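Engineer: These protein sequence lines are chains P and L, in that order.
At the far end of the first sequence sits residue 555, using our numbering, and the numbering has no gaps.
At the far end of the second sequence sits residue 118, using our numbering, and the numbering has no gaps.
Hints should not be assumed to be uniformly reliable.
Dumping the calculated DMTMM-like pairs for lysine to aspartate or glutamate here, alpha-carbon to alpha-carbon at most 25 Å [what the hints assert, rightly or not]:
| # | chain 1 | residue 1 | chain 2 | residue 2 |
| --- | --- | --- | --- | --- |
| 1 | P | K501 | L | D6 |
| 2 | P | K501 | P | D464 |
| 3 | P | K478 | L | E12 |
| 4 | L | K81 | P | E543 |
| 5 | L | K110 | P | E489 |
| 6 | L | K53 | P | E543 |
| 7 | P | K492 | P | D464 |
| 8 | P | K478 | L | D88 |
| 9 | L | K97 | P | E524 |
| 10 | L | K113 | P | E489 |
| 11 | L | K110 | L | D88 |
| 12 | P | K478 | L | E46 |
| 13 | P | K457 | P | E489 |
| 14 | L | K110 | P | E524 |
| 15 | P | K478 | L | D59 |
| 16 | L | K72 | P | E524 |
| 17 | P | K451 | P | E489 |
| 18 | L | K117 | P | D525 |
| 19 | L | K110 | P | E496 |
| 20 | L | K64 | L | D6 |
| 21 | L | K113 | P | E500 |
| 22 | P | K478 | L | E73 |
| 23 | P | K457 | L | D59 |
| 24 | L | K60 | P | D525 |
Calculated directly from the structure, the hints in this document are not laboratory data.
Remember, predicted model here, so these are calculated numbers, not experimental data.
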Amino acid sequence: GAVVSQHPSRVICKSGTSVKIECRSLDFQATTMFWYRQFPKQSLMLMATSNEGSKATYEQGVEKDKFLINHASLTLSTLTVTSAHPEDSSFYICSARDLGGRAYNEQFFGPGTRLTVL
Amino acid sequence: GDSVTQMEGPVTLSEEAFLTINCTYTATGYPSLFWYVQYPGEGLQLLLKATKADDKGSNKGFEATYRKETTSFHLEKGSVQVSDSAVYFCALKFYGGSQGNLIFGKGTKLSVKP
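Just chain L, with the same shape it has in the complex (with noise of 0.2 Å):
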C-alpha cells in the first residue's frame, strides 16, 4: 500500500546549521506531498506542500523539491534556529476519488541548540 519513510531522529543541530530531513514515498500513483510541523504543545501545520513532481514548496525559509525518480520529498533549510526546534511530518495525499486521506511517516524530532 501506500506509505511514507521519512529519517528517524532525533536530530539535533546546533543554531545556523544545515538542515536535511529525508523523507520517501511509496504510492501507486502520483500524490501531492506535504510536510508538517509539530510544535510542543500543539497541532500540526501545514509547513510545505507540493502537488506535482519537479514542484517546489517553500516556507519559512524550508524547502522540498518532489522528485518522482527518486519517490523523495526531503526537507531542507539552510540556516536552523532554536524556534525551529519541533516535530517534522512528511506526508501524502491524493485527490480525488475517495477522501483523500492524508498518510503520515513516522516524525522526525528536531532540537537545535543556541
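The shape of chain P in the complex, shown without the other chains (with noise of 0.2 Å):
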C-alpha cells in the first residue's frame, strides 16, 4: 500500500530552538499533506492543509507563523516549529492524500513524529 515516512520519529530540543519535521509520501504523489498534532488521550487535530506549489491553509487558531509549513515538491512536506516551548511538546502526525487511480481521494498517515521541549 502507499507509504508515508516521517523524521524524525522522535526529537528532545530546548526552549526557544527551532525543529523540522519531515513528511515524505515514498511511493506516490501527493499533491495534498495535512498536518494533525495528538495530544495524550485526545484526538487528531488538523493543524493545516499543505497543498504542493502554494501557501499552506491553516486551522483556526493555529499560529502559521509558529508552525511553518512548505510543500515543495509533489512527495515532500516539512512542518517547522519555530521557538519551540514546552508547550509544544507534542504528537505530530502528517498524512497525504493519493489522487491516483489505486486510493482514489483517501488519506494515509505518517508514523508520527514525538516533539518534546525542555
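Hints are included, so try docking the two chains, each in its own frame, into the full complex.
Structural biologist: Here is the structure:
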C-alpha cells in the first residue's frame, strides 16, 4: 500500500530552538498533505492543509508564523516549529492524499513525530 | 459543527471476546464514515469505511454499518485477538467542495489479554 514516512520519529530540543519535521510520500505523489497534532488521550486535531506549490491553509487558532509549512514537491512537506516552547510538546502526524487511481482521495498517515521541548 | 463521539476507553477484553466500540456523529449533511486503527508506535491505518447509509464496511473481521437513523457507525468484531490491541479512531469526511478533511473522534484504546 501507499507509504508515508516522517522524520525524525522523536526529537528533544531546548526551548527557543526551531525543529523541522519532514513528511514524505514514498510511492505516490501527493498534491495535498495534512498536518495533525495529537495530545495524550485526545483526538487528532488538524493544524493545516499543505498544498504543493502554494501556501498552506491553517485551521483557526493555529499560528502560521509559529508552525511553518512548506510543500515544495509532490512527495515532501515540512513542518517547522519555530521558537519551540514546552507547550509545543506533542505528537505530530502528517497524512498525504493519494489522488492516483489505486486509492483515489484516500489519506495515508505517517507514523508520527514525538516532539519534546525542554 | 460536525463532530464525532466515540466511547471512552480503555477497553480491556480477553482473547476471543466480542468487541463493540460505539461511535456516533453529528453532521449537517451525509458524510463518509471511517474507522482507523493505530498500532503502538505506528501511524494511523484505514481499517474500514462506508460512504452511504446502510453500507457495511468490513476488514480483518471488523465490521461497522452506517446507520443514518441513529447517526452511528459502531465497530464490532466477533472474536478479538491479542494482535488487535491498538487505538481505534472513528472519523467522518465530506467529499467535494472544500478539502474534505477528516474529523476524528478521541480514540478508544483496546487491550486484549491472552
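Engineer: It remains to establish, for every hint, whether it holds in the given structure.
Structural biologist: Cross-check of the supplied hints:
no., hint, result
1, K501/P x D6/L, "holds, 24 Å"
2, K501/P x D464/P, "violated, 29 Å"
3, K478/P x E12/L, "holds, 9 Å"
4, K81/L x E543/P, "holds, 24 Å"
5, K110/L x E489/P, "violated, 29 Å"
6, K53/L x E543/P, "holds, 11 Å"
7, K492/P x D464/P, "holds, 24 Å"
8, K478/P x D88/L, "holds, 19 Å"
9, K97/L x E524/P, "violated, 29 Å"
10, K113/L x E489/P, "violated, 34 Å"
11, K110/L x D88/L, "holds, 18 Å"
12, K478/P x E46/L, "holds, 16 Å"
13, K457/P x E489/P, "holds, 18 Å"
14, K110/L x E524/P, "holds, 20 Å"
15, K478/P x D59/L, "violated, 30 Å"
16, K72/L x E524/P, "violated, 39 Å"
17, K451/P x E489/P, "violated, 31 Å"
18, K117/L x D525/P, "violated, 35 Å"
19, K110/L x E496/P, "holds, 18 Å"
20, K64/L x D6/L, "violated, 29 Å"
21, K113/L x E500/P, "violated, 30 Å"
22, K478/P x E73/L, "violated, 29 Å"
23, K457/P x D59/L, "violated, 41 Å"
24, K60/L x D525/P, "violated, 39 Å"
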